[in-house]
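Residue numbers (the working numbering), protein chains in the order written: chain Y, 64 to 309; chain X, 160 to 758.
Some hints here could point you the wrong way.
To be verified - Simulated crosslink set (DSBU-like; lysine-lysine; CA at most 35 Å straight-line): (1) X:K239 - X:K288; (2) Y:K109 - Y:K166; (3) X:K480 - Y:K166; (4) X:K238 - X:K197; (5) X:K197 - X:K239; (6) Y:K252 - Y:K109; (7) X:K447 - Y:K166; (8) X:K447 - Y:K252; (9) X:K197 - X:K304; (10) X:K467 - X:K447; (11) X:K239 - X:K304; (12) Y:K109 - X:K467.
Stated by the list, open to error - Covered stretches of chain Y, as calculated for chain X (at least 3 residues, CB under 8 Å): (13) 195-202; (14) 205-219; (15) 252-260.
Claimed, not checked - Just a few of them, taken from the derived set where beta-carbon distance is under 8 Å, the chain Y residues facing chain X: (16) D94; (17) T96; (18) A98; (19) S114; (20) S121; (21) A156; (22) G159; (23) K166; (24) V238; (25) T242.
Calculated directly from the structure, the hints in this document are not laboratory data.
Think of the CB as a built atom: it goes at the ideal place given N, C-alpha and C, for glycine as much as any other residue.
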Amino acid sequence: MKFALLLLGLWALDIGHRSLHAASPADLFRDGTTAYRSSDYSTAIKAFRQSANLQPASGTLQDLGLAEWHRGHAGAAILSWEQSLWLEPFNTAARGNLRYARKVAQLEGPELTWYEVVSTWLPANWWAWIAGISFWSTVAMVMLPGILRQPKAAWHQAVAALGLTVFLLSIPAHVGVHTRARIGFVQQKDTPLRLTPTGEAQFVTRLAAGEPARLERQRGNYVLIRTSRSAGWVERDQFALICLRP
Amino acid sequence: MFPWSFLPGVLILTAPAQPTSVPPQQDPLMSLMLSQPKVEITTNVTAVASFDPPVVSPGEQTIYRVTFNALEETIDWPKKLNAPSELQTEPGAHGQIIPMLGAVQVPYTSFNTRVRASTTGDFTMPEFKVQAYGSEVTVPAAELKVISTPPSPPSPILHLAIEFAETNLFVGQPTRVRAILPGSAGVFSQGLPPVQFTGQGVLVDQAASSQMVTVTSHDGMNMPSYTFQTVLTPIEAGNLSVFAQCFTGNRFTGSLVITGPAMIPAPPPPFTLLESAPVSLTVRPLPKEGVLPGFTGGIGIFRLEPPKLGTNELVVGEPVKLAVAVRCDANVARLVSPNPPRAREWQILDSTPGGGITQSTPTDTVSTFQYTLVPLTDEIRETPAIPFSYFDPVRGNYVDLTIPPVPVTVHAGEIPADFSTLVKTNGAFRDEDEPVLSGLAASSGWTGTLLPLQTSPWFPVVQVIPAGAFLGLWIWDRRRRYFEQHPDVLLRRRARRALHREWPALRRAARDKDAPRFAGAAVSAMRVACAPHYPAEPRALVGSDIVQVLGSNGQSEVVRRFFTVSDAAHFAATRTDTSGLLTLQPELEKVLQQLESRL
């Protein structure tokens with residue numbers, strides 16, 4: 064009986080390990096790459112998306128955008144490349160792809176304020192760590208010499224001043240990250256921009272896939288967005304934010 | 160007199176011109192149309208149906224051919240024929256020719272159907288009607304005999320064969336294709352259309368076609384064969400099916416035996432639509448990855464000849480021609496020239512934007528690109544490199560074949576006004592690269608979260624940790640500094656703590672009825688409780704010190720008794736009387752409480 068239970072346990076462990084292994088982001092990334100190379104873009108999209116859901120990564124999102132682009136989904140491709148840049152602003156390939164897509168589709172990028180531009184210099188989440196580390200470094204340099212019964216040296220004050228400066232400089236970038244998190248992209252071609260959040264609403268205009276907009280608020284199945292030209296309501300599944308999971 | 164003699168002539172010259180009857184000029188296009196022979200479309204349309212060959216074995220393919228003397232566009236041919244169930248039918252070639260017969264052109268249209276019989280027997284394709292020129296035309300019945308061993312035909316059957324140089328191709332890769340009709344040197348009439356290649360997703364370059372009659376060996380016999388070859392380019396990925404079709408001209412069919420003088424009238428021309436067996440092409444798309452700059456669709460093995468510049472001594476503002484010959488072993492009918500790069504120092508124009516000038520030789524094809532270069536500054540030392548690349552179908556990758564720069568010497572000169580603007584424009588665009596789609600990322604790259612950290616619930620919690628640590632440090636430091644300034648507070652606190660530790664030992668001794676231990680614990684407790692008042696080491700205190708702290712509250716006897724017993728236990732040679740000591744526990748606890756209250 065014990066032997067049978069042991070075998071059962073080992074079998075369950077093996078099955079669990081296999082399922083875990085099959086669903087790992089690295090395996091899914093590899094599957095997506097293979098499918099992409101054989102021009103099976105639908106399978107590639109599925110694999111890359113699952114991988115990005117499990118572990119958002121710059122390269123995965125870049126490849127997801129390529130597969131979406133080859134399937135003719137300009138909105139999803141632009142969103143993926145923007146997300147790739149959100150994670151890694153130094154990804155020149157994703158930046159080039161965005162330029163290419165916007166040139167081909169005749170689209171504009173989102174209009175950014177100066178503090179949003181500052182926030183694009185580094186990965187969005189780096190600013191939070193920079194602010195935290197610089198602030199607590201300043202606090203430490205102010206407090207610790209007294210606690211440790213050490214005379215305040217010049218370098219203590221220099222580090223404190225530097226930390227405070229970095230902290231203060233990171234505040235605009237923080238605000239930029241916060242406001243950029245409200246930027247999204249139209250996902251479907253010829254998405255109607257409605258005057259009111261109802262199915263029978265009058266169309267203000269139609270938006271192209273990949274057009275940037277800022278989320279203002281939500282109501283039911285509709286979201287109020289503001290583009291560079293106008294504002295209006297679109298259905299929730301026709302618009303996706305940068306900072307949401309793919 | 161003299162001037163008047165000219166008057167009639169002057170009057171004649173000045174008089175208005177009389178209207179003359181000039182014959183109207185005929186429109187040359189109309190004249191051309193009228194000069195064309197008439198197309199015969201008024202006679203009764205008839206249909207001829209037959210199987211070719213009429214006798215086959217089971218499973219062998221035969222062609223059910225129906226020929227009309229009408230234009231193809233006017234015939235409403237059914238999509239499916241009502242054939243016997245034993246016959247499997249598949250639509251084949253169809254086409255039309257309009258040959259000259261006498262003074263008129265007569266259209267002939269044929270519809271082929273590939274037929275295979277599953278069993279032996281005599282089968283009849285029944286008579287049916289189709290629409291031609293808006294009226295019904297009866298297609299007569301046709302007989303097919305299927306026997307296990309059909310007799311060999313009296314004359315060789317014309318069989319059209321198709322040969323591809325390659326059948327595994329990439330989209331856009333040209334390949335040479337040949338259609339061969341053995342023993343048919345005399346069957347083609349002048350003016351008949353050449354062989355057609357039919358199939359979805361292919362492009363046939365008629366400009367690259369050629370035809371010849373060669374002697375080929377078939378079944379051990381050398382016979383002349385008509386060969387038509389051209390270049391075919393797949394434009395769609397997947398498995399493509401291609402077959403050849405052509406019309407034959409005048410010929411006699413069957414054997415002809417003439418005995419004695421006779422005159423044979425010429426039979427109507429049996430323009431027969433032949434078709435080959437379909438050939439399947441496997442076409443793959445070009446890989447998206449690794450596309451190099453300057454790729455214009457060239458697929459094959461290319462070689463670059465040294466670029467030829469009109470002259471190496473240039474003057475600013477004066478154009479010069481650059482010719483580049485590209486040799487290819489593939490049958491490239493047209494090779495698009497690469498876009499010249501945008502350079503600040505040059506104005507470059509592509510003289511052959513539609514494609515290089517192509518010349519075919521027996522061994523390869525040569526395309527020549529021509530560019531017109533205008534130097535805009537005398538600081539130039541060489542022409543710009545022009546990116547060019549091709550796809551190698553054998554290795555399956557893109558190969559760089561950039562046109563190399565050519566050394567030049569540029570002399571100063573006047574820049575035309577138009578080019579001055581160009582210099583500024585080129586400068587403005589110098590650093591702007593043309594965006595291209597990247598390849599796949601080799602690895603998943605940087606990982607992270609798409610949600611901003613500030614919005615994550617754990618992030619504030621993480622910030623609480625250093626805040627708590629620093630707050631704790633601060634409180635500890637303040638407490639430490641307070642105790643440094645008020646050491647008596649610390650002594651009293653320690654004494655109180657020590658007294659609390661002594662109390663359990665005291666009670667344990669009382670419970671065990673161990674009077675000496677009880678007395679020792681009581682003395683120790685009193686010393687600990689009184690030590691901060693002097694301050695002194697607790698073991699250095701004596702009973703009077705305790706009594707002094709207690710003051711005159713009547714408990715001095717109890718204190719002395721305990722100290723006496725304790726001192727005797729330590730220093731006396733005889734045993735001390737400890738009877739009744741345990742009964743003093745309530746008084747002792749009262750003393751200790753008094754001492755604790757003073758701490």
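Hint check:
The straight-line distance between the Cα atoms of X:K239 and X:K288 is roughly 13 Å, inside the 35 Å bound, and the hint therefore holds. Proposed proximity of Y:K109 and Y:K166 is supported: the alpha carbons are some 26 Å apart, at most 35 Å. For the hint pairing X:K480 with Y:K166, the CA-to-CA distance comes to about 33 Å; that is within 35 Å, so the pair holds. Between X:K238 and X:K197 the CA atoms are separated by roughly 31 Å; this keeps the pair inside 35 Å, and the hint holds.
A threshold of 35 Å between alpha carbons decides the hint, and for X:K197 with X:K239 the separation of about 34 Å falls inside it, so the pair holds. Using a Cα cut-off of 35 Å, the hinted pair Y:K252 and Y:K109 holds, with the two alpha carbons roughly 21 Å apart. Restraint check for X:K447 and Y:K166: the C-alpha separation of about 19 Å stays at or below 35 Å, so the hint holds. The suggested pairing of X:K447 with Y:K252 holds, with an alpha-carbon distance near 25 Å, which does not exceed 35 Å.
Restraint check for X:K197 and X:K304: the C-alpha separation of about 41 Å exceeds 35 Å, so the hint is violated. Annotation: proposed proximity of X:K467 to X:K447 holds, straight-line Cα distance about 33 Å (limit 35 Å). In summary, the hint linking X:K239 to X:K304 is supported, as the alpha carbons are separated by about 22 Å, within the 35 Å threshold. Of the supplied pair hints, the one linking Y:K109 and X:K467 is violated, its CA atoms being roughly 52 Å apart against a limit of 35 Å.
Three residues within the 8 Å Cβ limit are the bar, and the region 195-202 of chain Y against chain X gives 3, so the coverage statement holds. Closer than 8 Å: that is the beta-carbon criterion, and the region 205-219 of chain Y has 4 residues meeting it against chain X, so the requirement of 3 holds. By the rule of at least three residues with a Cβ nearer than 8 Å to a Cβ of chain X, the coverage given for the region 252-260 of chain Y is violated, with 0 such residues. Checking Y:D94 against chain X by beta carbon gives a least distance of about 12 Å; that is not within 8 Å, so the hint is violated.
Nearest Cβ of chain X to the Cβ of Y:T96: about 6 Å, under the 8 Å cut. The hint holds. The criterion of a C-beta within 8 Å of any C-beta in chain X is not met by Y:A98, whose closest approach is roughly 11 Å, and the hint is violated. With a cut of 8 Å, the hint placing Y:S114 at the interface with chain X holds, because the nearest CB-to-CB distance is about 7 Å. Using the Cβ-Cβ criterion of 8 Å, the hint placing Y:S121 at the interface with chain X is satisfied: the shortest such distance is roughly 4 Å.
The interface hint given for Y:A156 is met, as the beta carbon of that residue sits about 4 Å from the closest beta carbon of chain X, less than 8 Å. Taken as an interface hint, Y:G159 checks out: its beta carbon lies about 6 Å from the nearest beta carbon of chain X, inside 8 Å. The interface hint given for Y:K166 is met, as the beta carbon of that residue sits about 6 Å from the closest beta carbon of chain X, less than 8 Å. With 8 Å as the threshold, the beta carbon of Y:V238 stays out of range of chain X, its nearest partner Cβ sitting at about 10 Å, so the hint is violated.
Of the supplied interface hints, the one on Y:T242 is violated, with its beta-carbon coming no nearer than about 11 Å to a beta-carbon of chain X, more than 8 Å.
In this structure, the earlier hints numbered 9, 12, 15, 16, 18, 24, 25 are contradicted, and the remaining ones agree with it.
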